[in-house]
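Participant: Residue numbers (our numbering), protein chains in the order written: chain R, 172 to 602; chain A, 30 to 549.
One or more hints might be untrue.
Unchecked claim - Covered stretches of chain A, going by a simulated chain R footprint (3 or more residues, C-beta under 8 Å):
| id | region |
| --- | --- |
| 1 | 126 to 132 |
| 2 | 137 to 151 |
| 3 | 159 to 166 |
| 4 | 233 to 240 |
| 5 | 305 to 316 |
| 6 | 492 to 500 |
What the hints assert, rightly or not - Simulated DEER-style distance windows between Cβ atoms:
| id | chain 1 | residue 1 | chain 2 | residue 2 | range |
| --- | --- | --- | --- | --- | --- |
| 7 | R | 503 | A | 149 | 52 to 58 Å |
| 8 | R | 271 | A | 284 | 46 to 52 Å |
| 9 | R | 338 | A | 420 | 50 to 56 Å |
| 10 | A | 137 | R | 290 | 50 to 56 Å |
| 11 | R | 224 | A | 328 | 39 to 45 Å |
It is worth saying that the hints were derived from the structure and are not from the lab.
Idealized CB from N, CA, C, for every residue including glycine.
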Amino acid sequence: MDRLIDSTYTRRAFIGRGLTLASAAATTPWFLHASARVIAAQPGVIGSRAGVPDDRVLVVVQLAGGNDGLNTVVPFRMDEYYRARKQIAIPKNDVIRLDPKLDMGLHPKLSGLKKLYDDGLLSVVQGVGYPNPNRSHFTSMDIWHTADTDATGDGWLGRYFDNECSGKAGGCEPDAGIAIGNEAPLAMEGRAFSAVNFETADMFEWSGKGLHEGMSDAYHGIVDTGVTGGVDEHSNAAFLMRTAMDARVSSDRIRATVDDARVNKYPRNGTLGKQLAMVAAMIRGGLKTRVYYVTHGGFDTHAGQGGSNGKHGNLLGQLGGSLKAFYDELGQAGESGRVLTMCFSEFGRRVAQNGSNGTDHGAAAPMFLAGPMVRPGVLGTHPSLRDLDNGDLKFGVDFRSVYTAVLERWMGADARKVLGKRFREAKVLRV
Amino acid sequence: MGQSTAANADPMRAIEGERFGFAEARHLLMRAGFGGTPEQIRTLAAWGPERAVEHLLDCGATDAYGWPGENEFDGTIIKPLKQVEQREFKRARETQDEDTVARFRERRQKMQREDRKQAKEVQRWWLGRLIESPRPLEEKMTLFWHGHFATSYRKTENSYHMFQQNQLFRSHALGNFGSLLHAIIHDPATLKYLDNIMSSKEEPNENLARELMELFSLGEGNYAERDIREGARALTGYTYRGNDFLYRRGRHDTGVKRILGKSGALDGDGFVMAILEQRVCAEFIASKLYRFFVGEIPEGKGQAAQGVRRFVRRMAGTLRGSKYAVRPMMRELLLSEHFYDAEHRLTKIKSPAELVIGAIRSLRTPTRSLDILNEAMKLMGQSLFMPPSVKGWDGGRAWINTSTLYVRQNVMTYLLTGVVPSGVGGGRGGMMRLAGRKQRRGGGEDRYDPKVVLRGLGAGTGDIERAAGELLTFMLGGEVNEERHGALVAFAREAEGESFEHILIGMMSLVAVMPEYQLT
């Protein structure tokens, strides 16, 4: 069990600047040099599974706060919907129709998603959730992040990285997973693996370097030592030492690519567009990152959420517009084929609106998957508005079935090993 | 020889006077405050544990803090519409009188712009107070309650309400938790933040009822979904007008509720009383204070884990015994041998507030710009008055990631040298500036004199090796690591020819990038 951590420790011990090549040569971590990486193509290396190219990327878009699924994918032919939401329902005529045969359509601000849908790049998975839904933001978010209904354990993507890199000397490179923002999501935290995260690239560097030419050397000497002798690997001190080194190792590479972000092609309001512009720049820039994680917050619309216009609509507008711009950019760069995007929220909201023209915490909600590899269309069935669980929608698809598809079909990983259990795969991808 | 085994030893055993030296006093001042200068630490050490702890606990004995304009924040910036205006606005919307609607909207936006300016002032005021207050524990507890009853200006959009709430936390800093819990359901900022202001018997909003139990008092699993629904009914009609609590009788559900086993026509205070009768409440609060002041509560059956849990149960017992008065429990905690155990020292990750305020208070760096410091605090994940969610700040390892670690290193460079890091306050990095800008207030120049610290440590000037050792001991605590010492001395050699102050500042900047500097 502790071997993973040991190997991480070894990697960090060896990365120290100035260690003589002679002593390090035999164990030089694969990620330090491009050439070493090629040589190290051994079982366990990311993407080594037969038939799965190693440049595939997963982008996770987290809609934080609990996205109101019913006003996102609108069941405009259900009278119950309009009865339950007198002030905030989306009028039938405002709904964006996806297909004349379908009983549901998109919120009017999701025209960006409609374009992706028309291009065969969007899959809408209806009624996603899990048994005994938890209505606490924190617990439910942790459930989605850990893929465990008790909300315990490491992050599911962290475990993916732990497994993929366990056979390698030194484990995964820290920037195999990158989260934008100054919070690191639990989903990306494994036992040994910890993702890199940053808010903007120009802050991703030590400002003391310019103080005196002697500072830079001293700084590297301190940070690149990694975990110093005598420090317990499980302690906070060791954790800080590892993080400091991870930051230093990935800083130069990331800053070089993000400089080229084409922010002006994305929606200006909110930060999602900026985040996806940075991700697109990193993908174009050829980083070896497998998973990017971005967060779009503000969905906790207890009061004044609005209908076709207003707070919730603005958030959806940013989502649709940003994803559209993202795939436009990737398509022009010839990169879209290797980029799968997955959007989720910790829960949907109650069917009935509350007294503040908003909605309270609910349960099942739709997920979106985007990219040329998705099975395009509206998948699953819309949850019933008559057969409710305590005023909430019942789920039809366990979110871990979607994770299974992403892990197995896209990442080429053993989903059972990552999720700890076998879940029926949701047929959401066509690769 | 007291051969008592760990199992039957008194977990609350007090620390003996002779074991309370410089390292213990440093630990006390850092955890129960925001650190101090070498002189302050020596004073506490000389006083001994009882007097030192009493000094921190007895906030009233030290001078009150007087920030210019403290009582001059404007409580009338956000003006609700008068009834006549409400009717006019409603009519305008119904008749699609766009001009009138636009006029109302403009008025609101102007009000909000003005309020955002004051919100920045309030933020500066508190950060300044945290840095300068002669009652560090009072401020530390205020910060604790702010994280516990987390409310964000982002949603309340009322700077005066946030200021009022902050003063509420300060007045209850070491007071009674029960009174504070009663007060919080009457607090305008909280009522707004948790969506209770429109909650009515017809359509109760569950947000406040849920968080009141989940995060403020009992913890998840210690109540049922039904208690939330019933509790929400008890809180209906609780709202505010202007800056004061308002009970809207017509909106309150006067029916019988059953909450946490208690039945009756309960209102919000009845709900809070039902909560305070739960045994688990004191445990929940004691655990949270333990994590804030001491460290994580380990799980599992190991002896250390059991020892910690026994200790926390004793804290909870004291809290119950004093009918939720916080001070006696804190006194026991800060005097306990447990608090000073080596395993609890230099193991906790500093919060951004502890990092920034601690650096200024212990190294006596200039404050420079409170605005830039507030911006850095935000980037490190702890924007005052803007906790990320109602759960407050997770703390511990959640503070640290590759992004925040750079900001932590860079804010230290800023305090020590005045170099504004890229991405903050329009800074673009640059070479060390010896003549910095004028300080924002208080006059005097913001050039830092690092020799102040060395003199306080009793180290002469000029001996680089000795200075490096003293800086490591004081800034990091604990034993000097030879490698780290070597790194500082090597830098000093490379920088030979620079002034002694310059070299000292360089060495301090390097100590501040040592990952262990992030620990307290």
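Participant: Would you say the C-beta atoms of residue 271 (chain R) and residue 284 (chain A) sit inside 46 to 52 Å of each other?
Facilitator: holds, 49 Å
Participant: Would you say the region 492 to 500 of chain A counts as covered by chain R, given the rule of at least 3 residues with C-beta under 8 Å?
Facilitator: Since 0 is below three, the answer is violated.
Participant: Within 50 to 56 Å: is that where the Cβ-Cβ distance between residue 338 (chain R) and residue 420 (chain A) falls?
Facilitator: Once the Cβ atoms are compared, 38 Å apart, the range 50 to 56 Å for residue 420 (chain A) and residue 338 (chain R) is violated.
Participant: Can you confirm whether chain R covers the region 159 to 166 of chain A, using C-beta to C-beta distances below 8 Å and requiring at least three such residues?
Facilitator: With 0 residues close enough to chain R, the hint is violated.
Participant: Are there at least three residues in the region 233 to 240 of chain A whose beta carbon sits under 8 Å from a beta carbon of chain R?
Facilitator: holds (count 5)
Participant: Closer than 8 Å Cβ to Cβ for three or more residues is the test here. Does the region 137 to 151 of chain A pass it with chain R?
Facilitator: violated (count 0)
Participant: For the region 126 to 132 of chain A, does the count of residues with a C-beta closer than 8 Å to a C-beta of chain R reach 3?
Facilitator: violated (count 0)
Participant: How does the Cβ-Cβ distance of residue 137 (chain A) and residue 290 (chain R) compare with 50 to 56 Å: does it lie in that range?
Facilitator: violated, 41 Å
Participant: Measuring from beta carbon to beta carbon, are residue 224 (chain R) and residue 328 (chain A) in 39 to 45 Å?
Facilitator: holds, 42 Å
Participant: Taking a Cβ-Cβ distance under 8 Å as contact, does the region 305 to 316 of chain A have three or more residues in contact with chain R?
Facilitator: That given contact is violated, which follows from only 0 residues of the region 305 to 316 of chain A lying within Cβ reach (below 8 Å) of chain R.
Participant: Given the hint of 52 to 58 Å, is the C-beta distance from residue 503 (chain R) to residue 149 (chain A) inside that range or not?
Facilitator: violated, 42 Å
Hints 1, 2, 3, 5, 6, 7, 9, 10 from the earlier list are contradicted by this structure; the remaining hints agree with it.
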